[in-house]
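Trainee: Here are the chains, one letter per residue:
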Amino acid sequence: MDPRKLRLGFLFAAGAIVLALLLPSGPRSPSLLPSPAIWQTTACAGLLFLCAAWMANARATAFGLAGITLAGGATLAMLRDPAIAGSAGTGFWMIVIAVWLAAALCVVNLAAMRPLRTDRQNILNILVPLLFGAVVFYLWEVGVRGFGVPPVLLPSPSAAAAKFASSLPTLCTDFVQTFVRGVLIGYAIGCGAGLLVAILAHRYAFLGRGLLPLGNFFSALPLVGIAPIMVMWFGFDWPSKAAVVALVTFFPMLVNALAGLSASGHIERDLMRSYAANHSQSLSKLYLPAAMPFIFNALKINATLALIGAIVAEFFGTPTQGIGFRISTEAGRMAIDMVWAEIALAALAGMGFYGLVALAERATTFWHPSYRT
Amino acid sequence: MRHPWVERYAPLATTVLVLIAIWYIAAIAMNLSLVRDAFEREETAYTLTDLISGTLSAERPLLPAPHQVAAAVYDSVFGYPPLAPRSLVYHSLVTLTATLLGFVLGALLGIVLALMIVHSRVLERSLMPWIICSQMVPILALAPIFIVVLGALGLHGLLPKSIISAYLCFFPIAIGMVKGFTSPEPLQVELMRTWSATPRQMLWKLRWPSAVPYLFASLKVAITISLIGAIVAELPTGAEAGIGARLLAGSYYGQTIQIWAALVASAVLASGLIGIVGLVERGVARRMGAH
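Chains A and B, in that order, give the protein sequences.
Heads up: the first sequence is residues 1 to 373, going by my numbering.
Heads up: the second sequence is residues 1001 to 1291, going by my numbering.
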């Protein structure tokens, strides 16, 4: 990045801190900062921003990050004061603006760096989105608490996190009910059946030509709508959720696996024939390995579909546990922080599931060109 | 040598016929105990034919036979004026408007995000992982909150549903368009550079045209996702109209045939929407000089 722009940006951030020291930060505190600790921390952050502006190179990022941490900590500490929370003044928002500006500069600076060593590049690839996300969460927290947004509308992330920590047993039973019973079992059944039918359809071309258009058609349908019927057939408990998940995951797997099984080239097939390999040998040695990238593609698509299917199925009736059940009842009771805690749980479960599938993919299809660059 | 039509459609027709036959057999098997219990409760004598005809015309079957579903769809489409609250056309239209509005919003959001990501390395590295993370979150779980929050802000009806649809369907478009905008080969990009093309000229004369196939591929995915979003958004909100509301009401009152009719309507809607996108794609391809 252009060092002059970087210098100007950090100077603006330092200026905002100076303004923050002069302007009132709350309705009743006349000038700035009530307690000396906060005052000193903020001034320190301002000095660090000045240092960063003076350097204006890659090393400025470190000073900027230190300043961001100090100033961000100062604002969070100020929000403890009930006089400031909900009716923060200009001085307070000046610090927030300084933090935001400095963080944006740091993100830009980090993203522009091109270290030669790949391990450093990998660290950067994780650090940049993490910093971005941390800033988003910080702005959310400060905005909600500084403006005093009613918690019914939008709780602060810290409130949702506190709720998450304090209701771990409930979340745990919900997780087991929805994820371990509904999603995992349905996912295994749906993906397994899809793969089996794909292998059959690949073996018998007539079946394949009949099933492929149907599979394409069904995988484009809003299949989650089948949920009320499954609840009627299999009862309120987890089998109905597993059935919905199995149905939703079946068709993507069928279509993808069928495409993958016919992805092997002519030369390889001719080679298998010249070895006089029978069908099961060519299946295990050629067709299935060649189909692996496609199968993992379907597994990844299905990982998110499965969770959605199970949660939606719970809207139609459950025993009194489960993520979808809790979300709809707690939303009805206006306990929005509990809803956000459940969403965080679902998000963690979804990302963990997806991550596991992606790791398994990397371990089994390491030979694929997309991993060899 | 057989006729190419036979070659092409015979497997499909066979599979469909087999599926319908399986459906009938399953309907008989699943409704059998229901009908038998009803006969025994009334203590009337019955034969096997009575039993089977009873399973295929039960009022609230576990699994309605295909002809019952077809009759219910025909009845609720043509039996009422199109805007009566009992007409399936009315409910489909309610869902369709939410779907289309959400689709347009999501497509715009996706394309704008893709443009930003393609033109800024910072955004690519900081935003892209979060866009992907946002899809690992089961976003439909957010539906009740959106409805509560937007309801508290005074928004009801169409817009909250469309926002959920848009949130769901922006992702495939953003990903597809990033791929499409970066699909021109280095040779073409360098040619543009030798003509000292500005970034805007590069966008309009090279990136957009080469992104069109990717655009339509992702639009087809997005429009079905948008329909799913609209239907699911109608579930927790207790909406009084729409395909999702029909599903919910059907499940509350045990009206299985109504649920199946609503499912058929959603299937028709989904394939119709994909067909329209496909038609537009073909038209655009012809305008751009494809054969």
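Mixed in with the good hints there might be a few duds.
List time: in silico SDA-like cross-link candidates among lysine to any residue, alpha-carbon distance up to 25 Å [what the hints assert, rightly or not]:
1) A:K300 x B:L1109
2) B:K1220 x A:G133
3) A:K300 x B:H1119
4) B:K1179 x B:I1020
5) B:K1179 x A:A193
6) B:K1220 x A:P129
7) B:K1179 x A:A358
8) A:K300 x B:V1280
9) A:K300 x B:F1078
10) B:K1220 x A:N297
11) B:K1179 x A:K5
12) B:K1179 x A:T304
13) B:K1179 x A:G133
14) B:K1179 x A:L214
15) A:K300 x B:I1274
16) A:K300 x B:P1213
17) A:K5 x B:H1119
18) B:K1220 x A:I301
19) A:K300 x B:E1124
20) B:K1179 x A:H368
21) A:K300 x B:I1132
22) B:K1179 x A:M292
23) A:K300 x B:P1129
24) A:K5 x B:K1220
Computed far set for chain B versus chain A, every beta-carbon distance over 12 Å [unchecked claim]:
25) A1013
26) E1040
27) A1084
28) R1086
29) T1095
30) L1108
31) V1118
32) L1158
33) P1184
34) V1189
35) P1199
36) Q1201
37) P1213
38) I1231
Please keep in mind that the hints were generated in silico from the structure rather than gathered at the bench.
Even glycine gets a Cβ: it sits at the ideal position worked out from N, Cα and C.
Trainee: Would you mind marking each hint as holding or not holding in the structure?
Mentor: Outcome of the hint check:
no., hint, verdict
1, A:K300 x B:L1109, "24 Å, holds"
2, B:K1220 x A:G133, "31 Å, violated"
3, A:K300 x B:H1119, "28 Å, violated"
4, B:K1179 x B:I1020, "41 Å, violated"
5, B:K1179 x A:A193, "32 Å, violated"
6, B:K1220 x A:P129, "30 Å, violated"
7, B:K1179 x A:A358, "20 Å, holds"
8, A:K300 x B:V1280, "30 Å, violated"
9, A:K300 x B:F1078, "42 Å, violated"
10, B:K1220 x A:N297, "18 Å, holds"
11, B:K1179 x A:K5, "31 Å, violated"
12, B:K1179 x A:T304, "21 Å, holds"
13, B:K1179 x A:G133, "24 Å, holds"
14, B:K1179 x A:L214, "28 Å, violated"
15, A:K300 x B:I1274, "23 Å, holds"
16, A:K300 x B:P1213, "24 Å, holds"
17, A:K5 x B:H1119, "19 Å, holds"
18, B:K1220 x A:I301, "16 Å, holds"
19, A:K300 x B:E1124, "22 Å, holds"
20, B:K1179 x A:H368, "20 Å, holds"
21, A:K300 x B:I1132, "12 Å, holds"
22, B:K1179 x A:M292, "23 Å, holds"
23, A:K300 x B:P1129, "16 Å, holds"
24, A:K5 x B:K1220, "43 Å, violated"
25, A1013, "8 Å, violated"
26, E1040, "22 Å, holds"
27, A1084, "22 Å, holds"
28, R1086, "19 Å, holds"
29, T1095, "10 Å, violated"
30, L1108, "22 Å, holds"
31, V1118, "15 Å, holds"
32, L1158, "19 Å, holds"
33, P1184, "20 Å, holds"
34, V1189, "20 Å, holds"
35, P1199, "18 Å, holds"
36, Q1201, "24 Å, holds"
37, P1213, "18 Å, holds"
38, I1231, "5 Å, violated"
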